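Asker: Residues per chain are reported as follows:
Number of protein chains: 2
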Amino acid sequence: MNYCSACGSSEISLKIPEGDNRERYVCKNCGTIHYSNPNVVVGTIPYYENKILLCQRGIEPRYGLWTLPAGFLENGESLNDGAKRETKEETRADVEMGMIYSIFNIPQINQIYVIHLAKLKDLSFGSTSESLDVKLFSKNEIPYQELAFPFVSKTIDYFFDDFESKEFRLRVEDIIRK
Amino acid sequence: MNYCSACGSSEISLKIPEGDNRERYVCKNCGTIHYSNPNVVVGTIPYYENKILLCQRGIEPRYGLWTLPAGFLENGESLNDGAKRETKEETRADVEMGMIYSIFNIPQINQIYVIHLAKLKDLSFGSTSESLDVKLFSKNEIPYQELAFPFVSKTIDYFFDDFESKEFRLRVEDIIRK
Numbered sequence: 079m080n081y082c083s084a085c086g087s088s089e090i091s092l093k094i095p096e097g098d099n100r101e102r103y104v105c106k107n108c109g110t111i112h113y114s115n116p117n118v119v120v121g122t123i124p125y126y127e128n129k130i131l132l133c134q135r136g137i138e139p140r141y142g143l144w145t146l147p148a149g150f151l152e153n154g155e156s157l158n159d160g161a162k163r164e165t166k167e168e169t170r171a172d173v174e175m176g177m178i179y180s181i182f183n184i185p186q187i188n189q190i191y192v193i194h195l196a197k198l199k200d201l202s203f204g205s206t207s208e209s210l211d212v213k214l215f216s217k218n219e220i221p222y223q224e225l226a227f228p229f230v231s232k233t234i235d236y237f238f239d240d241f242e243s244k245e246f247r248l249r250v251e252d253i254i255r256k
Numbered sequence: 079m080n081y082c083s084a085c086g087s088s089e090i091s092l093k094i095p096e097g098d099n100r101e102r103y104v105c106k107n108c109g110t111i112h113y114s115n116p117n118v119v120v121g122t123i124p125y126y127e128n129k130i131l132l133c134q135r136g137i138e139p140r141y142g143l144w145t146l147p148a149g150f151l152e153n154g155e156s157l158n159d160g161a162k163r164e165t166k167e168e169t170r171a172d173v174e175m176g177m178i179y180s181i182f183n184i185p186q187i188n189q190i191y192v193i194h195l196a197k198l199k200d201l202s203f204g205s206t207s208e209s210l211d212v213k214l215f216s217k218n219e220i221p222y223q224e225l226a227f228p229f230v231s232k233t234i235d236y237f238f239d240d241f242e243s244k245e246f247r248l249r250v251e252d253i254i255r256k
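Residue numbers (my numbering), protein chains in the order written: chain A, 79 to 256; chain B, 79 to 256.
Hints should not be assumed to be uniformly reliable.
You can't tell identical chains apart in this list, so a pair holds if it fits in one copy or across any two.
Simulated pairs of lysine to any residue, SDA-like, Cα-Cα distance not exceeding 25 Å [what the hints assert, rightly or not]:
hint, residue 1, residue 2
1, Lys129, Asp239
2, Lys166, Arg135
3, Lys197, Gln134
4, Lys199, Arg135
5, Lys197, Tyr103
6, Lys256, Asn158
7, Lys106, Glu89
No lab work stands behind these hints, which were simulated from the structure alone. Just so we're clear, the structure is a prediction, and the values are computed from it rather than from any experiment.
Can you build the whole structure from these sequences, using the hints too?
Answerer: Listed below in structure tokens is the structure:
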């Protein structure tokens, strides 16, 4: 932050506002306090019978690696609506949304991931502007060496652990980046 | 947003960036896209035996009404850590954190609430700069007519419903503001 978005002044300093206990960007000219808070990433683990749907990333970072459909929650959305939208945007699939299945805290990058179970309504899916390829994988077809992010491999492992017993339960976990 | 926080230009327009599908504030001068996304509010329902701990708000909005300890998740925090911090700040209580118990989407104000169960470690708690009073209430002592927000009354109701059976389960709900 170089300039105050309210008044345009360049006199921005990092300080603890009165009544607060952490440093914020504060404008010396107009007094506006500029807060910065974590973002929520919403996504799904889409499944069909005993297979799950993965997307091959067509954008950086991790271009070419496989991921679950997920992206930033937008203003005006619920977690459920955002996850459904991201799934449609990245796989073209229509899903029947299920429970919140995994939540990951990634404090180093100020992100919270919330992943829902989602059942594919049919076999209509395919590549998009963000996904080079979109495919169903059974447990022993998963490209474990080519998964894009830890939240993906962890959620897939949970899914196949629970799939056998048909008892899906919420997992909450911190992912600590080096 | 009146000025670009990157370059200070006042030439900010609301438009859909290339490859995106919703309007963002974009600086015509330097091209910076200014994203705005929902915030996460973290809190707890602190309990001790068959009673829950509420705070009487000492700040606006809803000054004087009763609430559960909760506030914005900060950068660098997990949901669990943020909820524990807010509980300490608003009640002075030390708690043993439990499961994520209720999640509320409030899309009209771009907020997601995540409330954990939390067991009081002892009876040390009290008023703070944000809370006029902090008190334990049994089910029939709850000041239902003086609760500050819908997320508070809903979480309290869930708690006492589940308390009898000792089977606590996650609730996810949209709160639609008029």
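Asker: Quick check: which numbered hints come out false for this structure?
Answerer: Violated hint (a single one): 5; every other hint is consistent with the structure.
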